[in-house]
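Read top to bottom, the protein sequences are chains A and B. Taking my numbering, the leading residue of the first sequence gets 1, the next gets one more, and so forth. Taking my numbering, the leading residue of the second sequence gets 1, the next gets one more, and so forth.
Keep in mind that the hints are not guaranteed to be accurate.
One copy or two, either will do: identical chains are not told apart, so a pair holds if it fits within one copy or between any two.
What the hints assert, rightly or not - Below, simulated SDA-like cross-link-like pairs (lysine to any residue); rule was C-alpha separation at most 25 Å, straight line:
| id | residue 1 | residue 2 |
| --- | --- | --- |
| 1 | K82 | V53 |
| 2 | K49 | K64 |
| 3 | K82 | I42 |
| 4 | K49 | F75 |
| 5 | K69 | N105 |
| 6 | K7 | W92 |
| 7 | K79 | I42 |
| 8 | K98 | S32 |
| 9 | K49 | Q74 |
| 10 | K7 | T18 |
| 11 | K49 | Y72 |
| 12 | K64 | F101 |
| 13 | K49 | L81 |
Derived by calculation from the structure, the hints in this document are not laboratory data. All values reported here derive from a predicted model rather than from experimental measurement.
Protein chains: 2
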Amino acid sequence: MSQAVQKVDVFQAIADPTRRDVLHLLSERNQSIAEISSHFDISRTAVVKHLNVLTEAGLVRGEKNGREKIYYLQFEPLKELKDWLAYYEQFWHNKLTKLKFVVENDQ
Amino acid sequence: MSQAVQKVDVFQAIADPTRRDVLHLLSERNQSIAEISSHFDISRTAVVKHLNVLTEAGLVRGEKNGREKIYYLQFEPLKELKDWLAYYEQFWHNKLTKLKFVVENDQ
DNA sequence: CTAATATAAAACCTATAGGTGTTATTTAGA
DNA sequence: TCTAAATAACACCTATAGGTTTTATATTAG
Chain A
1 MSQAVQKVDV
11 FQAIADPTRR
21 DVLHLLSERN
31 QSIAEISSHF
41 DISRTAVVKH
51 LNVLTEAGLV
61 RGEKNGREKI
71 YYLQFEPLKE
81 LKDWLAYYEQ
91 FWHNKLTKLK
101 FVVENDQ
Chain B
1 MSQAVQKVDV
11 FQAIADPTRR
21 DVLHLLSERN
31 QSIAEISSHF
41 DISRTAVVKH
51 LNVLTEAGLV
61 RGEKNGREKI
71 YYLQFEPLKE
81 LKDWLAYYEQ
91 FWHNKLTKLK
101 FVVENDQ
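Working from the sequences, and respecting the hints, build out all of it.
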């Protein structure tokens with residue numbers, strides 16, 4: 001199989017503020033676990049757990065490089081979020097359009 | 001004050017699949033607690049708890065109508081999600097642009 | 001080959017998310 | 001005005017998310 005089954009969905013993965021911070025850090029630069037951890041007050045083990053959740057959601061990928069493990073951002077799972085959001089944007093757009101119609105035809 | 005402080009953020013609110021289902025139901029039709037509950041296997045009390053979380057996040061609004069309480073969707077908090085997502089879309093767009101440049105200038 | 005560095009793995013703790021059932025309270029309608 | 005319907009308010013249970021510390025395994029640099 002090309003890709004392991006996704007155990008954590010993107011909604012759950014980005015629910016935690018620390019994990020969102022990790023994603024932001026990785027958007028600035030690919031980093032090792034040690035580098036990432038240095039930005040947080042929590043233990044390195046805790047950071048690794050968050051990285052595991054993000055990995056299971058497919059939002060990041062870790063590659064061993066010598067004794068380091070470098071983490072990279074992955075965009076693909078955010079597409080699901082984008083689609084989900086698009087549905088409600090469309091919903092809202094329709095509602096506003098109807099409202100506009102009512103206002104214009106009201107006296 | 002016009003609006004209570006937001007106790008639950010939108011990321012947390014949409015993390016639960018049941019709550020996402022509730023939002024979807026409300027996008028089809030404004031509904032009472034009883035109506036919403038009828039679509040789920042969990043107890044009405046549990047549904048109410050989810051509605052409370054969604055309310056605290058500002059994603060829904062409940063209005064008493066006689067002995068019923070009708071729930072409505074609210075779009076506004078989704079803007080934060082949209083902005084968050086836009087950042088990573090931009091990030092990805094830039095990355096692809098750079099990649100394209102490299103490919104085109106490579107031999 | 002050994003010391004130091006970086007990560008992995010395991011066992012454990014605690015707060016809380018998501019669920020339950022039971023008991024008020026409010027309101028509509030015969 | 002009494003009963004049934006709809007919601008609100010409690011008290012309670014259990015799994016797990018998010019954190020800790022400790023111990024083991026790889027890997028690089030002298």
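Quick rundown of the hints versus the structure:
no., hint, verdict
1, K82 to V53, "both (20 Å within a copy, 22 Å between copies)"
2, K49 to K64, "within (17 Å within a copy, 44 Å between copies)"
3, K82 to I42, "neither (30 Å within a copy, 29 Å between copies)"
4, K49 to F75, "within (20 Å within a copy, 33 Å between copies)"
5, K69 to N105, "neither (63 Å within a copy, 30 Å between copies)"
6, K7 to W92, "between (31 Å within a copy, 24 Å between copies)"
7, K79 to I42, "neither (30 Å within a copy, 30 Å between copies)"
8, K98 to S32, "between (51 Å within a copy, 23 Å between copies)"
9, K49 to Q74, "within (18 Å within a copy, 34 Å between copies)"
10, K7 to T18, "both (19 Å within a copy, 17 Å between copies)"
11, K49 to Y72, "within (16 Å within a copy, 37 Å between copies)"
12, K64 to F101, "neither (58 Å within a copy, 27 Å between copies)"
13, K49 to L81, "both (22 Å within a copy, 24 Å between copies)"
Checked against the numbered hints above, the structure breaks hints 3, 5, 7 and 12 and satisfies the rest.
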